[in-house]
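*Asks:* Read top to bottom, the protein sequences are chains A and B.
So that you can map any letter, position 145 of the first sequence is 145 in our numbering, and since no number is skipped, the others follow by simple counting.
If you want our numbering, it's the 1-based position in the second sequence plus 235.
No lab work stands behind these hints, which were simulated from the structure alone.
The beta-carbon is built from N, C-alpha and C at its ideal position, and this holds for glycine as well.
Among the hints, a few may not be true.
Below, a sample of chain B positions facing chain A; criterion: calculated Cβ distance under 10 Å [what the hints assert, rightly or not]:
#1 Ser343
#2 Arg376
#3 His395
#4 Phe396
#5 Lys787
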Amino acid sequence: MKTVTFEVFRYDPDKDKEAYYDTFQVELRRPGYLLLDALNQIKWELDPTFTYRRSCREGVCGSDGINVNGVNMLSCMTKVEDLGSDHLIIQPLPGMNVMRDLVTDVDDFFNKFITVKPYLIRTSPNPDKEIYQSPEDRKKLDGLYECILCGCCSSSCPSYWADKKYLGPNAFLRAWRYIVDSRDEGADQRLPMLNDKHGVWRCHTIYNCVEACPKELNPTEAIVNIRKLLLDNQV
Amino acid sequence: MSVKIEYHKFDVVVVGAGGAGLNAAQVASQHCKTAVVSEVYPTRSHTISAQGGISAALGNLEEDHWHWHMFDTVKGSDYLCDQDSAEYMTRLAPEMIIALEHIGLPFSRTPEGKIAQRPFGGHTAEFGKRAVKRACYAADRTGHAMLQTLYEKSVDQGTHFYSEFYALELLMNDGHVNGVLCYDIQNGELHVFNAKAVVFATGGNCRIFQTNSNAHINTGDGLALALRKGLSWSDAEFFQYHPTGIYGAGNLITEGVRGEGGILLNDSGERFMERYAPTIKDLAPRDIVSRSMALEVLQGRGVGPKKDHVLLKIDHIGAENIMEKLPGIHELALVFAGVDCTKEPIPVMPTAHYQNGGIPTNYHTQVIKGNMDGEEYVPGFFAAGECASASVHGANRLGTNSLLDLVVFGRTAGEQAAKYAAENALVPLTEDAGNEGIAALQKYSNANGKHTFGELWGDLTDVMQKKMSVFRTEELMTECYAELLEIEAKMDDYKINDKSSVYNLDLIEALELNNMILVAKACTQAALLRKESRGGHFRDDCPDRDDVNFLKHTEVYLEEDLKTPRVDYRKVRQQPISVDAFPPKARVY
């Protein structure tokens, strides 16, 4: 059976002064063996003290973003064989404080997401029925609402690393999802914070977030669209 | 040993942050100080995985009526559901969908801009005459869209969130539920939430089966906590085996695939559901489709080298249609089956998907305690979603009725809990509050024996899969129970390697396993004593439904040892709120 070397980031604040790497030989037990299968193999058979996040195991809950050989990805949707290497360096998502092993502190990430008021804001009264939305208007939400809040994008962004107050690509993607929603009337409440010095202008359009997104979404495009809207509003 | 505990006081505390918990929280937060405690960050709850839709007789594409929906729900349940709850849920459904739309849920749309609807298994027009488009959907990411919308709404409403808090004990004082003890996974600290009302929305437990569609967190913790406080698990033997789990992996392929025109094929390419359900064919309810698939395989008509699964074909609806309406399925089939479903069929077999029963409640979501002589409320305690049983699913749940259940009963639980909190004083904690939970935590924290999670969870899921799943017999289940006792005994010789206070998954998995063993024993005993076949409970040795002896809810309690299941029964509430009852009939589709 083919084995792959997993060089895994380890850190337990209860006992370690600094982080180190542990090496495990992981067996690929079937075609399509997933990174999450490998992490479970390490935990359940090789070292039960190893820890990480996971839940749905099918790429929608966003728990298991990790960094493998320098690239952010979901462990549950990535086949080990597709990584094309027999030696994998497994690290927590960069740019976030490490709590332990592959587990990062995501409170800041969620708090920033909430800042952009990610909910429908309406001043008009609601009808008794649904608020009608044409299929064309609904289509504008495709590529935006599918975000799973895994943090792979923000964690890949140098501006997010450098500026602790920078909202990050994920928050902008969500802001744009509501701004373009034909039912929403809250753009005025969101645009000032997006126009802030920690807002969309800090993006250097290097597309790391687009590369990192496991759902193939495009936060950079959302950022550019928000910038256009801000400029149009100034004129 | 003295233990440091942080104390909190709330009007309402909700345990669990899936669709039911968040809907309860966002409603309760409008009235009073409300907390949500959850093992995972809210958007990582398992509602996120729901795919195909949520049912409501909106009639956006063709004529529909809540009464037809109610009939389908009752018939789908194999007549074991409570008909007052079924009426309540199906009548409220259209208004609930509109409320979700108004808070932002990005439903797919009809050409005129209404919420789009698709057919789903067991949903019919005119009391069974033909399939009807009743499932409202957001492509094949309905649960994802719903959970995030509800999370965003509850944040907007000022709900207090305690994420990565694992519940250890339900707290009671003299029959009143008044709080919950939690363990903070991030730093190992203990927290007691003392509340006027507690809502359980803790989800299901299908991780007890080897082949399942569930998330790692679906380990029946809420059920185990309620059982240990002398409450019951209603209709414990009824699980839903979803027909289209990806072969080998168990991950779900939504019934929406068949709603959009997908068909099941056996080894000769025959659309075999035409034989089992001549009227609605592949859109028969899940228990019937799962059993039909198992029969095809048993009779040698499966596909693959082992002839042990069947195929789900969808490519004939066209790649563009698939990518617009079922994009998530396309991705899952690629990753978990290596199949491009726009070109080839997906290999499928039934997968353990849903716990039909749960903590018993009435349709006001008040938890009840009862037997054949009657029932009484448990003051201060409410439950909703998969962990609860109102009961609207009975012996078999219809597809899309789970999202509806959690929205309807989640909201009701939020309203009822807030009302209860407004009318009642905080019941103080007892002196020994939390001691049982702390004892369990310490037992496993210090466990220095032999057996580990990897080994025992493997054994548990293996025996449940082989002896307690789609086909059951007295002999198999008796063996199953004996093996569960052996596994349970090994928990006294357990080994925790991880001693860290930070994100100690080794410890959490031990506590979850302890709960899984308890619920596995409970449902096996319930299944042993139900000597009939009904809905998802099929026994080779008692293949017929027996309304004379078994048209009643099972209620599993624990004996005083808090380990041994005791099986009791409770009357089915067959009388609806305002319409005539649907008397039991043979289920033909």
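*Asks:* For every hint, state whether the structure bears it out.
*Replies:* Each hint tested on the structure:
1. Ser343: Where the cut-off is 10 Å and the nearest Cβ of chain A is about 7 Å from serine 343 of chain B, the hint holds.
2. Arg376: Cβ of arginine 376 of chain B sits 7 Å from chain A, so the hint holds.
3. His395: For histidine 395 of chain B, the interface hint is violated, since the closest Cβ of chain A sits about 13 Å away, which is over 10 Å.
4. Phe396: holds (9 Å)
5. Lys787: violated (35 Å)
Comparing the model with each numbered hint stated earlier shows that hints 3, 5 do not hold.
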